[in-house]
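Number of protein chains: 2
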Amino acid sequence: MFVHTVFFWLKHPENQDNHKALRAGLESLKGVKEISAAYIGTPAETRRPVIDHSYDFSLTFVFADKAAHDAYQVHPVHLEFVAECQHLWERVQVYDAVS
Amino acid sequence: MFVHTVFFWLKHPENQDNHKALRAGLESLKGVKEISAAYIGTPAETRRPVIDHSYDFSLTFVFADKAAHDAYQVHPVHLEFVAECQHLWERVQVYDAVS
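In order, the protein sequences belong to chains A and B.
Under full-length UniProt numbering, the letters of the first sequence match residues 1 to 99, in that order.
Under full-length UniProt numbering, the letters of the second sequence match residues 1 to 99, in that order.
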């Protein structure tokens, strides 16, 4: 499996319209059929020194393999999401893992 | 759902015995029944400026809810893993997300 994890930090986290817009964009990605399992999240209430809860949204997408992930990266739905939403975030942090 | 993601950086990444020991410890965690989906991984070959591929192992565990996650945190299998393996890592980075 290929696990693609992304954390998003909004440029204006105090702006609820921006929250809603990014949430809607992230949810739209679930329509990409190459994704085997999709989780869009926000920070849990857990607090320990090793936990980073500073992000605004998380995305965990599981793919069957790297080929499925690569197809997602260039999928029109993903490209539209980036074009429409990238002005909303200040930073993204990506981790890709194979298992 | 509750997605618990952890990245591990080994103290001695050049030591293959340490790799094997941490891998075995991580795999043992899959025996905890509170986990709905479990992925143990290593960095994919993807390379972009936003991708952090510096870690040695990743763990993505999906739980039905925070209660299941909390039960995992104090589960004997998890506590044994921490006791047996924590000397192997230099750093862990945790992200908990609810969706």
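There's no promise every hint is true.
Unchecked claim - Selected chain B positions facing chain A (Cβ under 7 Å, derived; list incomplete):
#: 1; residue: V3
#: 2; residue: H12
#: 3; residue: Q16
#: 4; residue: I40
#: 5; residue: S58
#: 6; residue: V92
#: 7; residue: A97
Stated by the list, open to error - Here are a few chain B residues that sit away from chain A, every Cβ distance over 12 Å (derived from the structure):
#: 8; residue: K66
#: 9; residue: D70
#: 10; residue: V77
#: 11; residue: E80
To be verified - Covered by chain A, according to a simulated footprint, are these stretches of chain B (three or more residues, beta-carbon under 8 Å):
#: 12; segment: 18 to 25
#: 13; segment: 83 to 90
Keep in mind the hints are simulated off the structure, nothing from the lab.
We treat Cβ as the ideally placed atom computed from N, Cα and C, and that holds for glycine.
Once the shortest beta carbon distance from S58 (chain B) to chain A is found, is it less than 7 Å?
holds (4 Å)
Would you settle whether the hint for H12 (chain B) is holds or violated, based on the nearest Cβ-Cβ distance to chain A being less than 7 Å?
violated (20 Å)
Does D70 (chain B) sit more than 12 Å from chain A, CB to CB?
Given a closest Cβ separation of 9 Å, the condition is violated.
Grab the minimum C-beta distance from V3 (chain B) to chain A and call the hint holds if it beats 7 Å, violated otherwise.
For V3 (chain B), the interface hint holds, since the closest Cβ of chain A sits about 5 Å away, which is under 7 Å.
With a cut-off of 8 Å between beta carbons, are at least three residues of the segment 83 to 90 of chain B near chain A?
With 0 residues closer than 8 Å to chain A, the segment 83 to 90 of chain B misses the three-residue bar; violated.
Would the hint on A97 (chain B) be counted as holding, given a Cβ-Cβ threshold of 7 Å to chain A?
At 3 Å from the nearest chain A Cβ, A97 (chain B) passes the 7 Å test, so the hint holds.
Is the Cβ of V77 (chain B) farther than 12 Å from every Cβ of chain A?
Check passes; 19 Å lies beyond 12 Å.
How does the segment 18 to 25 of chain B fare against chain A when you require at least three residues with a CB closer than 8 Å, holds or violated?
Answer violated; 0 residues pass the 8 Å Cβ test.
Beyond 12 Å from each Cβ of chain A, as asserted for K66 (chain B):
violated (6 Å)
May I ask you to test the interface hint for Q16 (chain B) with respect to chain A, counting a Cβ-Cβ separation under 7 Å as satisfied?
violated (18 Å)
Given I40 (chain B) as an interface hint, is the shortest Cβ-Cβ distance to chain A below 7 Å?
holds (5 Å)
V92 (chain B) as chain A interface residue, shortest Cβ-Cβ below 7 Å
holds (5 Å)
The structure fails to meet hints 2, 3, 8, 9, 12, 13 from the earlier list, while all remaining hints are met.
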